[in-house]
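A.B. asks: Take the sequences, apply the hints, and build the full model.
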Amino acid sequence: MYKIGNQIGQETVHNPASVHPVTSPLTGQVIGEVSYADPAMIDRAVAKAREAQRQWAQLTYKKRSEVLFAMRQQLQAHEDELAQIITQENGKSLAESRAAVAKAIELCEFAVSIPALIAGKTEIVSTGIEVKEMTFPVGVLACITPFNFPLMVPMWTIPNALVCGNAVILKPSEATPVTAMKIAELFAQAGLPDGLLSVVNGEKEVVEALCDHPGIDALTFVGSTPVAKLVYKRATSNLKRCLAMGGAKNHILVTDEVNPEIVAKEITSAAYGMSGQRCMAASVVLAIGHCGAVIDQIIAISKQMVAGRDCPPLISRKAVEKIGQYLDQTPGTVVVDGRRAMVEGDPNGYYIGPSVILYDTIDAMPEEEVFGPTLEIIQVATLEEAIAYQNRSPYGNGASIFTDTGLYAQEASLGLSSGMLGINIGVPVPRDPFSFGGLKGSKFGYGDITGYGSLPLLTTTRKVTTKWNPKDKKDWLS
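The sequence shown begins at 137 in this note's numbering and counts up one residue at a time.
Bear in mind the hints are in silico, worked out from the structure with no lab data behind them.
If you're wondering where the values come from, they're calculated on a predicted model, not measured in any experiment.
Certain hints may be false.
20 Å max Cα-Cα, derived DMTMM-like pairs, lysine to aspartate or glutamate [stated by the list, open to error]:
hint, residue 1, residue 2
1, K365, D348
2, K369, E344
3, K458, E504
4, K454, D464
5, K365, E503
6, K239, E217
7, K318, E147
Just the calculated beta-carbon pair ranges, DEER-fashion [unchecked claim]:
hint, residue 1, residue 2, range
8, D330, L543, 53 to 63 Å
9, S154, D540, 53 to 63 Å
10, N374, E321, 29 to 39 Å
The beta-carbon is built from N, C-alpha and C at its ideal position, and this holds for glycine as well.
C.D. replies: Now the structure itself:
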């Protein structure tokens, strides 16, 4: 049984007045307990962060980067342990968990390269006039993360923030606190000074406290769009920098000249990986022209997939019930129904199998995010019609097209209104140094959350204008 407290710097602090169970989606069994932070703990975490950050910012980029390189080595050394923890508390397969560790290692590698991206600039702008631009950290950053990537999403922000000279207070999902505490432990082993990374557990009250706290300068959030809006509004009303990443309903366009078997495998993998619990999961297929063979292949593959083996459990019983309600209320035709999924040996796990819904008209398809192993399909006549429908979506995280025609690929690239686009790829997540970030209701705030697009949020610049007087030999400065 895990007993998870709050990590105030490198001190573990428990709150006996607010203890809550941690449940594994694999079995539905309680695997530990977590105590939530009270206001005094948050104040302590912020105070330690501010004190530590002032000293950390004085170090060279080289010194700060050394800690991130050491963290990379810690992640490599603890890969199996981290994967086991993620699978146990999140439910995803071990292969998916190991992939998350590999991505965290990549994120550390990118962070080590940041000093070259934020080096200062100097320019002679006029005779005897020099302007110098210097980069400084923003200060103390709160990082609020979801359950679906308990290692990767915190590592989107923490390494970059630290290398830039900031301190971080992590507020993980209440469903996955064990991974967060392991992150803090490994950073301490990597040599991160005390106070630069704290972990505070909790729900709405803790998020609100972080948004309101005068000692926090900036905030990142990843979660659903309704909550992202609230967090962004609250943080910015307190004059904090904020980047709040919301949900999505990602569209895949398919033209009728593609290979049905290959494309159907790509689409089902994009839709059902992690049981659809990712903001870049394929959600809607817009089949252009005569795509009956592709649709038939998608349905056939979906029927063959098995909960547990092919689809890991959802995060909670409530999540399973939400998918069931969506399928009950859909105006479309459910041709594959995953609600009867059972996993032998784990009757209490939060499992649901793939579901496929067909729609007769575009207007009948709901716009809400499902966040489960559900794929919705509609046939349209033209590429222009498909692009126009995708543009109507309130979300704008990802969109892809599968086609063998270069002109169609180019038209989709120019016409689709999402921040991350794919050509013949189902999950178009860019790799570092390119940045993860959507449009419309999928992102609130400036910049992106990874890659070089994250740096404007994490840094400030100061410009120094100097007038030199080369003609006066008595005084070098005029």
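A.B. asks: Confirm or reject each hint.
C.D. replies: Results of checking the hints against the structure:
no. : hint                    : in the structure
1   : K365 x D348             : holds (15 Å)
2   : K369 x E344             : holds (11 Å)
3   : K458 x E504             : holds (12 Å)
4   : K454 x D464             : holds (15 Å)
5   : K365 x E503             : holds (17 Å)
6   : K239 x E217             : holds (15 Å)
7   : K318 x E147             : holds (13 Å)
8   : D330 x L543: 53 to 63 Å : holds (58 Å)
9   : S154 x D540: 53 to 63 Å : holds (57 Å)
10  : N374 x E321: 29 to 39 Å : holds (31 Å)
In the structure shown, no violation is registered for any of the earlier numbered hints.
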